[in-house]
Structure formats: structure tokens, C-alpha cells
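Asks: Under numbering that gives the first Met the number 0, the first residue of the first sequence is numbered 0, with each subsequent residue one higher.
Hint data in this document are derived by calculation from the structure and do not stem from the laboratory. Wrong hints could be hidden among the right ones.
Have a look at the derived ranges for each label pair, beta carbon to beta carbon [claimed, not checked]:
{"#": "1", "residue 1": "G333", "residue 2": "K155", "range": "52 to 62 angstroms"}
{"#": "2", "residue 1": "H91", "residue 2": "S158", "range": "34 to 44 angstroms"}
{"#": "3", "residue 1": "N95", "residue 2": "R314", "range": "44 to 54 angstroms"}
{"#": "4", "residue 1": "Q349", "residue 2": "E290", "range": "52 to 62 angstroms"}
{"#": "5", "residue 1": "P270", "residue 2": "L243", "range": "17 to 27 angstroms"}
Capping the alpha-carbon separation at 30 angstroms, the derived lysine-lysine pairs in DSSO-like fashion look like this [stated by the list, open to error]:
{"#": "6", "residue 1": "K337", "residue 2": "K313"}
{"#": "7", "residue 1": "K364", "residue 2": "K155"}
{"#": "8", "residue 1": "K193", "residue 2": "K207"}
{"#": "9", "residue 1": "K364", "residue 2": "K337"}
{"#": "10", "residue 1": "K155", "residue 2": "K178"}
{"#": "11", "residue 1": "K187", "residue 2": "K155"}
{"#": "12", "residue 1": "K399", "residue 2": "K24"}
{"#": "13", "residue 1": "K220", "residue 2": "K167"}
{"#": "14", "residue 1": "K155", "residue 2": "K24"}
{"#": "15", "residue 1": "K364", "residue 2": "K387"}
{"#": "16", "residue 1": "K414", "residue 2": "K364"}
{"#": "17", "residue 1": "K24", "residue 2": "K61"}
{"#": "18", "residue 1": "K414", "residue 2": "K337"}
Predicted model, so just to flag it, every value in this text is computed and none were measured. Yeah, the Cβ is synthetic: ideal placement off N, Cα and C, and Gly gets one too.
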Amino acid sequence: MYKAPRGTSDILSEEQAYWRYIEAKAVDLSRLYGYQRLDTPVFEDAGLFARSIGDNTDIVTKEMYTFEDRSGNLLALRPEGTAPVCRAYLEHGMSNLPQPVKLYYLAAIFRYERPQAGRYRQHYQFGFEAIGESDPALDAEVIDTAWQFFGSLGIKQLSLYINSIGCKGCRPAYLDALKQHYSTRTSKLCEDCKTRLGKNPLRLLDCKQVSCQDAAVSAPKGADYLCAECGAHFAAVQKYLHALNLPFQINNRLVRGLDYYTKTVFEIQPPGEGAQSALGGGGRYDDLIEELGGNPTPAIGFASGMERVVLNLKRQEVSVPGLPKPDVFIAYLGDEAKLEAVKLASDLRQNGIAVALATGVRSLKSQLRQADSLDNKQVVIIGEEEIKRGTVTLRNMVTKEQQVVSQAMLGETLKQSHVREKNG
RNA sequence: GUGAGCGUAGCCCAGUGGUCUAAGGCGUCAGGUUGUGGCCCUGAAGAUCGAGGGUUCAAAUCCCUCCGCUCACCCCA
0 MYKAPRGTSD ILSEEQAYWR YIEAKAVDLS RLYGYQRLDT PVFEDAGLFA
50 RSIGDNTDIV TKEMYTFEDR SGNLLALRPE GTAPVCRAYL EHGMSNLPQP
100 VKLYYLAAIF RYERPQAGRY RQHYQFGFEA IGESDPALDA EVIDTAWQFF
150 GSLGIKQLSL YINSIGCKGC RPAYLDALKQ HYSTRTSKLC EDCKTRLGKN
200 PLRLLDCKQV SCQDAAVSAP KGADYLCAEC GAHFAAVQKY LHALNLPFQI
250 NNRLVRGLDY YTKTVFEIQP PGEGAQSALG GGGRYDDLIE ELGGNPTPAI
300 GFASGMERVV LNLKRQEVSV PGLPKPDVFI AYLGDEAKLE AVKLASDLRQ
350 NGIAVALATG VRSLKSQLRQ ADSLDNKQVV IIGEEEIKRG TVTLRNMVTK
400 EQQVVSQAML GETLKQSHVR EKNG
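Model the full assembly from the supplied sequences, consistent with the hints where possible.
Replies: As C-alpha cells, then:
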């Protein structure tokens, strides 16, 4: 038997209610904040990701699904959403549009990782990017958008962490200071951190090992190394966040895993522990567009993992709207009635009424059981008597009331009761 | 990539060497008379006990290998 590949899963109908709910909120939020949808290909030139995410990041070195197609092009399943959006921005000359250009996506993301709670090899992200504007008010707006997204979903007790990791001008000095600080106490560091020291010193700050945390407490703080511009930018972002009443906390150990981030970074976390805590995260990437061959263009974005959102909706027992059900179930008795039922079902459907039609040869009892298990509120019964008179029997499964309705009037009657149900 | 736990019908699971020709519950299907559901009752279908190898007179049960799932590390959404 074939199985879905490791780290992937089918989203079955019981789950779909959550997904539709999240998508609807995402689409509505995008409308409110002025984002247009952008769908990019599932695969891209592998180089796009190596260039943008960073050659030495885990994503590029060991997590990408890279493959050669039949003409020898080196492609990769997208391991994140921002780079493709930037590529599209450049490819379609969007720098000629009024800035910022605001785009959102709901897309599958692929990373070859060991699966665990909230982490998959194929997962979906809702993300949005605002490109072409450096105003710190935009940082605050993007953070607000992310915050409102979770708020509108009904997920509570979230934490919002922000930090500034500086720009290419001031960050090197900070990294040097960090390296210097840690290199005098390598004996106390865990093995992972020893390699991190050479590869990505920022990561040392959020290591969970006790001895490493001791070293982190006394480590130089990023805020002290920000240049005048980055410092002012960060201060302004906070000013706007205050104005928006967002309950943010500065976390000077907040570091993001992708190389392209500059200045503002932020993350939203659900309550409780659990390894994959981030529900979503984002930040500024002021150098990325230029790195991809465009003019210097500031930008900021955010992405959240849909599976983690679903997980948290379930944990917090948020009730989501159910999936649509048939408006009516049609049961029939005998071959002649079945023929009428088939025609009737088609007519009703063409009138916009969702119909579940009994199948096969079943007793009326069995058909009603089926209707009940499908949670149908209305059942049409058609048998010999009804055919003779050109009528149907309409049974309300909740009240058990039955009425005889002419076949011609059935559609209208059903629509009316549908409206009543909605209003009632 | 590292570590730990686990793999018995669609789902939840009992069974820890012979009584297993594998139990129960949910779900599915049928029936409980002639055209009426939800409760209840009866019955049926559904399992190469994750795969392969080994130990043994005998393996779902013990051992090995592999695969998969779950959780954690790493990393990230």
C-alpha cells in the first residue's frame, strides 16, 4: 500500500472546516489591510533560495528539495515564501507601481526535516509582504496585521516579541562583539553552540542549555550596537506599536533563521511550552531585493504556519463554522420513483439547492437512516402515491412534520424554509 | 542528522510464548414484516497482528534488521 510521504498528510474533510475558516480570515484580513493575492510556482530556480535565504543556513544546506529537471535546470520546491514574492516583484516590474506593493499568499512550503508536532515536510503558510517602503510605521502596521490575524481567529493569550538585529552597517560590529564574548568561554558551551559560534553567532543567544544561557546573560546586547538610523527606526516602531496598543515585549535574544532579515524582527508565540512555539514570524529584509538584482528596495513581511494555527485552534477549543450540508435528502421507493427522484434532484440543483440523493436499492428505513447520519434536516420522499398525484412528501427531520407538496412547488418551498432557518 | 517511546480491522484498543481458527467498542452495511430516521436489539462484512529474517515443538507475544508513526534535540511556520 502506498502512503503519503513522510512528513506530509492528507487534509480530510473533518479538518477542512479549520482550513476554510483560517483561509477566510486570511482573505478578509488581506482586504482590510490592502494586500493583493499572489500565487507563485511551487518550484523555482534553486539559486533563488540559496541567494536569498543564505548559503550557510540549514534550510539551504540540508532541507531543500532540490532536483534537476529533464533539461538540466536546477530547481527547488519552495522552502519559504518571501523569496518567490520578491522574484515576482522584480520580474513584473512592480517597482513601477505605487509603493509599497502589498502581496499575500497561501502556499505549500517544503523542507526536508524530521517531522514532529507542528513541523512537516510539506506545510502551508499564510504570509504577506509589503515591499518598497522603509517607514517604521509600516513595520508597526505589518506587526498589527499579524496580531489581528490571530485575534480574528479567536486564538488568545499570545505573546508578541520584537527585536532589532540592525543593518549591514552596524551588525558586523555586534557579531564581532558576540564572538569575542563567547570565544573566551568556549569550554562552557554545548557542542551545538561551538559550531554556531562560527556559523551564526546570533543563535548562541537563544540556546536552551543552562551553561550557554549563563554565558548569554552577560553577553553584549544588540540594542547597544545599533547604528543611529537603526536605533531611531526601532524606537519609532515601538512608538507606533504603543499607539496601536499592541502588547509587545522586546526580546533581545530573538533571532531569525534566515539571513536576509534586517532591523525589525518579530515573532508571535502561543501560551504554554512546546518546541515549535512560533505561530508566525517575520521582519524587515531591506537588502533582499537588491541582492536579487533589483534597485535598493526596503521591505517587510510576515508568515504563519497553517498547521500550527489549526493546532492552536484545537488546543484552545475555538469553535469554527461547520462545512456546508445538503439542503435536502431525497428518498424514493421503487424503480419508477427512482427515475423521478433523479430528475427532481437535477432540477433542484439547477435551482441552487444542495441535494443528497439516496443511492442503490435500500429500504425507506435505510434511506432515512442515511439521511439522519448525513444530518439532513429535510427529506423528500417520493413513492407510487406521490407519482400518481405529481407531489412529494416533505418531511422535517427535526419536528417530524410531513407535508404534501406539488413537485412544481418543491423548489420554492425548500428555499423558503431555508431562509426561515437562516433567519431563525 | 541524534535520542526516546510506539506500530493488532476505517478509527480507539484487549491480548506479553501454547486455550488466538486474535476479543471488545466506535463506525459501515443489513434486518427487527407490508412506505418513515435518531434510542434499543440481532446479524454481517472488515486483521497477510508494520515488513523481512531468526530462536522455539509452538511467536501478535522473545531476538535482529528495515520501514513507518509520535515526541524531543537541531532548525523553523
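Asks: To test your reading of the hints: which numbers does this structure violate?
Replies: Of the numbered hints given earlier, those the structure breaks are 6, 7, 10, 11, 12 and 17, listed in rising order.
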